[in-house]
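Q: Using the sequences and the accompanying hints, generate a full structural model.
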Amino acid sequence: MRKTRVRFAPSPTGPLHMGGVRTALYNYLVAKKAGGDFILRIEDTDSHRFVPGAEEYIIESLRWCGIVPDEGLDASGRLAEVPDERNPHAPYRQSQRRGIYRKYAEQLVEAGCAYYAFDTAEELEKERAAAESAGQTFIYNAATRGTLRNSLNMDAAEVARLLEERTDWTVRFKMPVNTVVAMDDLIRGHIEVNTDTLDDKVLWKRADELPTYHLANIVDDHLMEITQVIRGEEWLPSLPLHYLLYAAFGWERPEFAHLPLLLKPVGNGKLSKRDGDKMGFPVFPLQWTAPDGQVSRGYREDGYFPDAFVNLLAMLGWNPGTEQEIFSMEELIQAFSLDKVGKSGAKFNPDKAKWFNKEYLRMRSDEELASLFMPILKENGVEAPEGTVREIVALIKERATFVSDFWNISWYLFKAPAEYVEKDAAKFWKPENVEMAHEALLNTESAEAMEEYIRGREWPIGKVMNCIRLALTGSSSGLAIADIMRFIGREEVLNRFHRAEERL
RNA sequence: GGUGGGUUCGUAUAACGGCUAGUACUCAAGAUUUUCAUUCUUGCAAUAGGAGUUCGAUUCUCCUACCCACUACCA
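Counting from 7, one number per residue, gives the positions in the first sequence under this note's numbering.
To be clear, the hints were calculated from the coordinates, so they are not data collected in a lab. This one's a predicted model, so the numbers in the text were calculated from it and none came from an experiment. The reader is advised that the hints may include incorrect statements.
Stated by the list, open to error - In silico lysine-lysine, DSS-like type, Cα no more than 30 Å apart, as pairs: (1) K276 <-> K349; (2) K346 <-> K39; (3) K211 <-> K284; (4) K270 <-> K360; (5) K384 <-> K276; (6) K360 <-> K39; (7) K360 <-> K421; (8) K433 <-> K421; (9) K349 <-> K364; (10) K109 <-> K211; (11) K421 <-> K364; (12) K436 <-> K469; (13) K9 <-> K109; (14) K39 <-> K9; (15) K384 <-> K421; (16) K276 <-> K364; (17) K346 <-> K279; (18) K353 <-> K421; (19) K353 <-> K364; (20) K349 <-> K9; (21) K270 <-> K132; (22) K39 <-> K421; (23) K358 <-> K436; (24) K211 <-> K132; (25) K429 <-> K469; (26) K270 <-> K284; (27) K346 <-> K358; (28) K433 <-> K469.
Claimed, not checked - With beta-carbon atoms standing in for the labels, derived distance ranges: (29) E458 <-> D283: 48 to 56 Å; (30) D283 <-> N386: 42 to 50 Å; (31) A40 <-> P356: 28 to 36 Å; (32) A40 <-> E454: 26 to 34 Å; (33) Q102 <-> K9: 21 to 29 Å; (34) D202 <-> G256: 18 to 26 Å; (35) E329 <-> F56: 17 to 25 Å; (36) V88 <-> G195: 16 to 24 Å; (37) Q340 <-> H95: 24 to 32 Å; (38) E129 <-> D214: 34 to 42 Å; (39) R8 <-> K358: 32 to 40 Å; (40) E129 <-> D80: 40 to 48 Å.
All residues carry an ideal CB built from backbone N, CA and C; glycine is no exception.
A: Written out as structure tokens, the structure reads:
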């Protein structure tokens, strides 16, 4: 039995979105569970769509998520370009492998499974327009290839001459006539397609001396000994072509699994960049600044923990078959299996995403959270000893979803309120309340004693306490008065109360 | 248009062909709390429609509807 080897093969045409990260994650989990290898390969065979920085973004995203490739990166964390023990198949960037594809394309031509096509883009466009106006769809296959400009219709001398003279020819796959391709997908089961509905896909382009996705993908998966191809559902329509390509080469083909798409939270259609901007949640793992300066938010910058992000991604389309929802990467590796992956697209739910982060925030130690809070305090001009911050974090972590919530929850432990919420003041800052609060404050030394004092006199504790709270925090909600008083001290409590008396 | 895929509460999902269709998020109500949040309890809410197979269908088959993907010298 072959060692399990899977790959994540993104195209550097922009930032990796969360659906892509999920595909990478599932590949990684399958590999790790089987004790196999997870390979990263960059499919940049379309020179026109290359986006600077996209490759680095992909690598950084995977690193942030803890999805570590066994193969594809060199010691410095860049895409490996030279073969060595760790990266025997380098380079892992297809544009740097261009030399190896042409001979495979020609091998197919010699075997009669492919041919040279000399049609120009304009000619094909004309054919398409003509078909369309006749209410039909132009398909470059057995039905039409006999009337088009390709090596199937020319003598050898003519072909040789055009191959030499022209620089815009292609190699096309010769799709068999009326043949049913029977396929098996790990997630979708048995699928059959008749080749008459398929077209003669371009495999190799003379213009830029590069293969198209289909050829490069099959050749590399074969050379890299990939055993399972796990990719997005948008590739399902190309599966027959890929089956046929493996057969044409006479290679053992890997198993295939086509993952359901990630859909937008409301309405229909797949999740796109715009949905996130519109609905206030990130669709990218990391913040991305496009070449035109447009900034898209990222889960990392929005305050998500990477393990929470990985967890929520894992649960989008897969379930463990048990009631467990919180999984560490190790647990995911243990529990994951492709046959528990659903077939239908999963709508992303931002509320659930936040819930995951909340759970992960609670699991973090006070030490770690304090160290994350310290810089935020500093930004707000607050210096506090780490021990104090740790105590505060212990008090507020249950009330937060993100570390970035901490300041909003606890700022009044560090500075006096500059203003008071009007509605709350109207409700609680009443002369009789103020009077009672004042007396209780002056005659007691601690919060506990104060509470006892108020209760002993049978004063309305809620009204008096909230009156004090208003003076301390500027509103009628927040931490327990006793906790607030402990942190800011009796003197500051009195100061704030007097200030409120002056201003309200 | 053609080809392929899909369809269980609003969302994510569970349910060898067999209990009252379960769980989580959201939402609502109540309890707890000096307030808010937390926590706890309770509640709302689904098998797209129609045939068929079967003692019995969410599950298997067919038809319809709707949704999605693909239909490039893009991946």
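Q: Each of the hints needs a verdict: does it hold here or not?
A: Hints, one by one, checked against the model:
1. Taking the CA atoms of K276 and K349, the gap is about 15 Å. The hint holds against a cut of 30 Å.
2. Simply put, K346 and K39 have alpha-carbon atoms about 14 Å apart, close enough for the 30 Å limit, and the pair holds.
3. Using a Cα cut-off of 30 Å, the hinted pair K211 and K284 is violated, with the two alpha carbons roughly 39 Å apart.
4. A C-alpha spacing of about 16 Å is found between K270 and K360, which places the hinted pair at or below 30 Å, so the restraint holds.
5. Restraint check for K384 and K276: the C-alpha separation of about 41 Å exceeds 30 Å, so the hint is violated.
6. Straight-line distance between C-alpha atoms of K360 and K39 comes to about 28 Å, which keeps the hinted pair within the 30 Å bound.
7. Between K360 and K421 the alpha-carbon distance is near 29 Å, which keeps this suggested pair within the 30 Å criterion.
8. A distance of roughly 23 Å separates the Cα atoms of K433 and K421; the hinted pair therefore holds under the 30 Å criterion.
9. Annotation: proposed proximity of K349 to K364 holds, straight-line Cα distance about 29 Å (limit 30 Å).
10. Distance hint between K109 and K211 is fulfilled; the C-alpha atoms sit about 13 Å from each other, no more than 30 Å.
11. Between the alpha carbons of K421 and K364 the distance comes to roughly 26 Å, so the proposed pair stays at or under 30 Å and holds.
12. As the CA atoms of K436 and K469 are separated by approximately 9 Å, the hinted pair is consistent with the 30 Å bound.
13. Restraint check for K9 and K109: satisfied, since their Cα atoms lie roughly 27 Å apart, inside the 30 Å limit.
14. Between K39 and K9, the direct Cα distance comes to roughly 12 Å. Compliance with the 30 Å bound is thereby established for this hinted pair.
15. Between the alpha carbons of K384 and K421 the distance comes to roughly 13 Å, so the proposed pair stays at or under 30 Å and holds.
16. A threshold of 30 Å between alpha carbons decides the hint, and for K276 with K364 the separation of about 26 Å falls inside it, so the pair holds.
17. This hinted pair checks out: K346 and K279 have alpha carbons roughly 28 Å apart, not beyond 30 Å.
18. In summary, the hint linking K353 to K421 is not supported, as the alpha carbons are separated by about 43 Å, beyond the 30 Å threshold.
19. With a CA separation close to 20 Å, the supplied pair K353 and K364 stays within the 30 Å bound.
20. The hinted pair formed by K349 and K9 meets the criterion: a straight-line CA distance of about 27 Å does not exceed 30 Å.
21. At roughly 37 Å between alpha-carbon atoms, K270 and K132 are farther apart than 30 Å, so this suggested pair is violated.
22. Between K39 and K421 the alpha-carbon distance is near 51 Å, which puts this suggested pair outside the 30 Å criterion.
23. Restraint check for K358 and K436: the C-alpha separation of about 42 Å exceeds 30 Å, so the hint is violated.
24. With a CA separation close to 20 Å, the supplied pair K211 and K132 stays within the 30 Å bound.
25. Distance hint between K429 and K469 is fulfilled; the C-alpha atoms sit about 14 Å from each other, no more than 30 Å.
26. At most 30 Å may separate the alpha-carbon atoms for a hinted pair to count; K270 and K284 meet this at roughly 11 Å.
27. Proposed proximity of K346 and K358 is supported: the alpha carbons are some 20 Å apart, at most 30 Å.
28. Proposed proximity of K433 and K469 is supported: the alpha carbons are some 9 Å apart, at most 30 Å.
29. Distance hint check: the CB atoms of E458 and D283 are about 54 Å apart, consistent with the given range 48 to 56 Å.
30. The supplied range of 42 to 50 Å is broken by D283 and N386, whose beta-carbon atoms lie about 28 Å from each other.
31. Between A40 and P356, the C-beta spacing of about 33 Å keeps the proposed range 28 to 36 Å intact.
32. A hinted range of 26 to 34 Å for the beta carbons of A40 and E454 is inconsistent with their spacing of about 60 Å.
33. About 25 Å separates the C-beta atoms of Q102 and K9, a value consistent with the hinted range of 21 to 29 Å.
34. Distance hint check: the CB atoms of D202 and G256 are about 24 Å apart, consistent with the given range 18 to 26 Å.
35. Between E329 and F56 the CB atoms are about 45 Å apart, so this pair departs from the stated range of 17 to 25 Å.
36. For V88 and G195, the hinted distance range of 16 to 24 Å is not satisfied, since their beta carbons lie about 42 Å from each other.
37. Take Q340 and H95: their Cβ atoms lie about 29 Å apart, and the range 24 to 32 Å holds.
38. A beta carbon spacing of about 19 Å between E129 and D214 contradicts the range 34 to 42 Å that was offered as a hint.
39. Checked against the given bound of 32 to 40 Å, the beta carbons of R8 and K358, roughly 38 Å apart, stay inside it.
40. Distance hint check: the CB atoms of E129 and D80 are about 45 Å apart, consistent with the given range 40 to 48 Å.
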